[in-house]
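Numbering-wise (our numbering), the sequence shown opens with residue 229 and increments by one.
The hints are simulated quantities; they were obtained by calculation from the structure and are not laboratory data. Treat the hints with care, as some may be off.
Label-pair distances were calculated between CB atoms; the ranges are [unchecked claim]:
no.: 1; residue 1: I320; residue 2: E625; range: 32 to 42 Å
no.: 2; residue 1: T556; residue 2: S598; range: 28 to 38 Å
no.: 3; residue 1: R624; residue 2: N586; range: 37 to 47 Å
no.: 4; residue 1: G600; residue 2: A539; range: 17 to 27 Å
no.: 5; residue 1: D501; residue 2: N324; range: 44 to 54 Å
Lysine-lysine pairs mimicking DSS-like chemistry, simulated, CA-CA at most 30 Å apart [claimed, not checked]:
no.: 6; residue 1: K631; residue 2: K563
no.: 7; residue 1: K563; residue 2: K541
no.: 8; residue 1: K541; residue 2: K503
no.: 9; residue 1: K387; residue 2: K503
no.: 10; residue 1: K541; residue 2: K589
Every residue gets a Cβ at the ideal spot worked out from N, C-alpha and C, and that includes glycine.
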Amino acid sequence: MATYNRSVKDFRNQENRKAVGRSDRTRSVSVEEQARQLADNIIEERDRERRVSRNGKIYTRFDEVDDILSNNIETVTRGLFSGNVASLTSMITSSNLTATQKSYYYEIQDNDGASQLSIAYGNYNGSGSADLTSNLNNDTPARAIYKQYAQTLLAPADKKFTINGIDTDSIYILNFNRSRIREKLDPGNFELTLRHISASIGYDNTNISSSNHIQIIDDSSLTSATLGEAGQVYNLVSGSLDSGGIYNTSAPVHFGLLYPQHGVAILNAVKLDAKIGDGGIDLQTATGDVEGFNIAKLFTSISSSNGATPANKSGGIQARSAEQVKSTYYFVRAKNAEFNYSNNPSFTTGALGQLTYNAFKNDPQVYITSIGLYNDRRELLAVAKLSQPLLKNYTREALIKVKLDF
């Protein structure tokens, strides 16, 4: 009997322990469910607050990883001349220069009077222009021009321009308007057409021989630039942009040097003075201590060249500018619940700022017209204008790309 009683007691104790275990598990499940419900309530409340805050917020901070794309570099080219046109075929000289100034350079304008470039003649020994000081020290405009460009473009120890391995004392200069070249002339898009003129030229486009002309381009398509004191330097050789590039690439005819970063072209006057059959145009540059009107000869040769080219080609000067532009892109994201209300005075009415239209309370209709970029102190730094207003409401989202160029 005693053994039986102990077995019953043990059985009852075991059952009690099981009941306690089931009760503990029940309480554990209940606590977990309550904790989960509480967490869900907190998340739901935060989401509700976030939605409410988005409805009326004004500022949104950019995510530097997802919303900003910086340091994008691209090369932008434009036509070099007024109106971003790449061709100057009709030109005039400025009437604002005095006779003394014209002994140094000519300012070349388009037909509307806008300055495009200057042309000049320089001679290392001072030949080709008169001594304006009357001191007989050969202090002539031609000498001053040569020295000026030598100091600007050559190394300190280099006194003369070297074209195709040969020093030249006699040069013509094309100096393009600085505001037009921007960063530099665009290599590979430069062409100069010169027309043969007779010895009895009157410097007014009269007595011009027909059909004899040369075209000059840079050799950037054939070789890389050399780096000198003035930056990049290309050779100017016989060729045409309209006819496939450099003539005789194995032994091109050299006419001068192009300094794209300065917007300057140097032409070898000796080569231009050669006969047509020898690769020149018989420009007949004057030398000696007299006014040789060399600048006028070059102007006549350039300005009349368009009439010497075939109908499918352009004369004059063809050129483009080039500059590297650094850009940063900002991606502005307006989600469906954001930016649906406006601070425009027409959106509200009355002293209490009531909505002008009651329908806007739950279904606002606004238009995005501009985007402001602010710093951390909420100071306006830039404004981007949209090309046309963009409708925004609860059913529409917008992704707008703002580009800043530097």
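**Message:** Tell me the hint numbers this structure goes against, listed in increasing order.
**Reply:** Hints 1, 2, 3, 4, 5, 7 and 10 not satisfied by this model.
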